[in-house]
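Residue numbers (my numbering), protein chains in the order written: chain Y, 6 to 242; chain F, 9 to 505.
FYI, nobody ran anything at the bench for these hints, they're computed from the structure.
From the three backbone atoms N, C-alpha and C, an ideal C-beta is built for every residue, glycine too.
Warning: the hint list may mix true and false statements.
Distance condition first, Cα-Cα at most 35 Å in a straight line; then the derived DSBU-like pairs of lysine-lysine [unchecked claim]:
no. : chain 1 : residue 1 : chain 2 : residue 2
1   : F       : K359      : Y       : K12
2   : F       : K400      : Y       : K242
3   : Y       : K219      : Y       : K183
These stretches of chain F come out as covered by chain Y in the derived footprint (C-beta under 8 Å, 3 or more residues) [stated by the list, open to error]:
no. : segment
4   : 56 to 62
5   : 113 to 123
6   : 176 to 189
7   : 273 to 287
8   : 406 to 418
Which residues of chain F face chain Y? A few of them, derived with a C-beta cut under 10 Å, are [claimed, not checked]:
no. : residue
9   : E45
10  : H217
11  : M221
12  : T433
13  : T454
14  : M487
15  : T488
16  : G490
17  : L493
Here's the letter readout for the chains.
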Amino acid sequence: MFHWLEKNPFFFAVGVFAAIAFAGLVEIVPNFAEASRPVIGTAPYSTLELAGRQVYIKNSCNACHSQLIRPFKSETDRYGHYSLSGEYAYDRPFLWGSKRTGPDLHRVGNYRTTDWHENHMKDPAAIVPGSIMPKYTWMYTKMVDIDTAFAEQLTDAQFFAVPYNKPVPMKELDVDGKPKTKIVKMGKSIAEANAMALVEAKDIVKNMKDQDIKDAVNKRGEIPEIVALIAYLNSLK
Amino acid sequence: MENRPLEYDYTVAKMFMLTTIIFGIVGMSIGVILAFELAFPGINTILGSGLAEYTNFSRLRPLHTDSVIFGFTISGVFATWYYVGQRVLKVSMAESSLLMFLGKLQFWIYILTVAAAVVSLFLGETTSKEYAEFEWPVDIAIVVVWVLWGVNMFGLIGLRREKSLYISVWYYIATFLGIAMLYLFNNMEVPTWLATSAAGETHIGDWFHSVSMYAGTNDALVQWWYGHNAVAFGFTVPIVAMVYYFLPKESGQAIYSYKLSLLSFWGLMFVYLWAGGHHLLFSTVPDWVQTMGSIFSIVLILPSWGSAINMLLTMKGEWQQVAASPLIKFMILGSTFYMFSTLEGPIQAIKSVNAIAHFTDWIVGHVHDGVLGWVGFMIMAGLYHMAPRVFKREIYSKSLMASQFWIQTLGVVLYFTSMWIAGITQGMMWRAHDQFGNLAYSFIDTVTVLHPYYAIRGVGGLLYLIGFVMFTYNIYKTMTAGKRLDSEPASASPMGA
């Protein structure tokens, strides 16, 4: 048979393809419906958070930071509850990373503050002596791209049925014992999306010290990248 | 068939040899910069804080991985295909003006694609997926390059005089099919300019931005099915194709066992794809996928060692050639590093080992003993074998080649030993508890302890880069000042001249 295959390139190629495609079919396909269901308490990203996520990706933060807490005592001690599949339901792309040159960030919103990030991103070694993380100074002067984040939200809603403007269940219960709900709103137009992001940004800069950043947001209505990034990091809980 | 050997046309092979060398230098130089940035973070702002965005570790990291994968390695695969393909199929590129045109077209589209990829990564336009960072316009260009290569490959196969496909051709076909399948499925994404706002606005924001077709755990599953197997079909399969051709040609020895090559080939094809799950151990993908990934990684030792043993036994009774020829040295040490790396990988895929190794520098070390010791050595060996036949000149300096071999070997050894120590040290420190059950170290303790190993790794990488520059110089001098050859250097099997 093999001698015959080696003289018939077409069937040879078909054979090779069957051999290599088989594993993917068995391993990947059955999982799809199961894994994409969100766990209670997981909500889609707001416009500013999504813009911050794009800043995170743009600067390959995921090259050095994971977002996957493994179920070991040492990891839950350090980072919090181990990660659950449904928590990633709105993560497109996933950002688990493959290398921890720096610590995991999956629940960084639980134990770091806006103030901490503001100072840390400017000069990591000043906050954590011995840190080898580079300074991200340009994030303080470059403005974030809200339009593209808005386009991403629209894509999520229109192609992947991500529940924007719809109630999603939260962990907390109301007086009747039913889960409270949260509605993550998305703008109707580019202008509204930008206005909504600015409202979020104003909330973030309340806890920031850098006067230039405060002025950019409060006086000029511009949003530096750092503000969006902090909004995203704070949302990781 | 006539007895006179065919005149082959190496125009396209030469073009890709050039890019192999250029992208090799670029990719490896960026790698060395990255290595020293981890050891000495001041280097992140080496061109001043104004340009820090473009010299900083995180922006450069995908440029390093992608330029050595899609630049250096894939160029090497194309270059060797356009040399090996003609010779084992017994057909010259010059016989078909269409294939020649498509080959050149493939080259130029490839160059444009690389240029677009470099610019977009410098600007931070990335999908974040490892080795699949490119946004959709670049993805489409890559698909075009790949399809052109496939058309050329099957076109040449269609015209062949030698009816039986030599082992190397099996592996090249598998490379083409494997990467095509993996790349297409992993890069499924929806461009954001397709969306419409409630107010009717379209084409909002950056036109090249996209959203992954898969979310969360599914995205991870598809990505590591891709990530792991891109290594299989980019760093293993085509390199095995090269060693099956170049080692017997250079040594004049016939392949040790046809049956072993059959077992290794079909075994590798079937087993490799299952092992992707070992990148996701203890993650949120289903347990059975993790276990399958782990088990099949162990099984993978068989076909991997099958090829490597086949190579080493090809030298049976001719081991003096290893001492005499630096070119044989590259190929034999390359095969040995392949054995070594394909044992190390499965060990890291065992769950209890992975618990320590994952997320650490040991993984980085593993990748590099494979790519520096196996992929890099074999591609350079292939080009060294091709140079006298393509340029019709003798290799400029054998002693330079020998010094290069030892410098690079030392570099690889420094690289992986330091990363072993770094990885295991860090993995153990992360999980250490004191007598009260509290974590013994804060995270930063596990970073500062790595400084000496990062520095040693940087030196190892630098030695390898120096060796590569020596290689470049040697090839350049061969092209321009090597002794002219009247006839091709003698070599025997496979399949005659």
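Against the structure, the hints come out as follows:
1. F/K359 with Y/K12: Violated, at roughly 42 Å.
2. F/K400 with Y/K242: violated (64 Å)
3. Y/K219 with Y/K183: violated (40 Å)
4. 56 to 62: holds (count 3)
5. 113 to 123: violated (count 0)
6. 176 to 189: Coverage by chain Y holds here, the residue count being 6 at a Cβ distance below 8 Å.
7. 273 to 287: holds (count 9)
8. 406 to 418: violated (count 0)
9. E45: Nearest chain Y Cβ about 7 Å off; hint holds.
10. H217: holds (5 Å)
11. M221: holds (8 Å)
12. T433: Cβ of F/T433 sits 13 Å from chain Y, so the hint is violated.
13. T454: Cβ of F/T454 sits 9 Å from chain Y, so the hint holds.
14. M487: violated (34 Å)
15. T488: violated (39 Å)
16. G490: The hint is violated - F/G490 has no Cβ within 10 Å of chain Y, the shortest such distance being about 37 Å.
17. L493: violated (33 Å)
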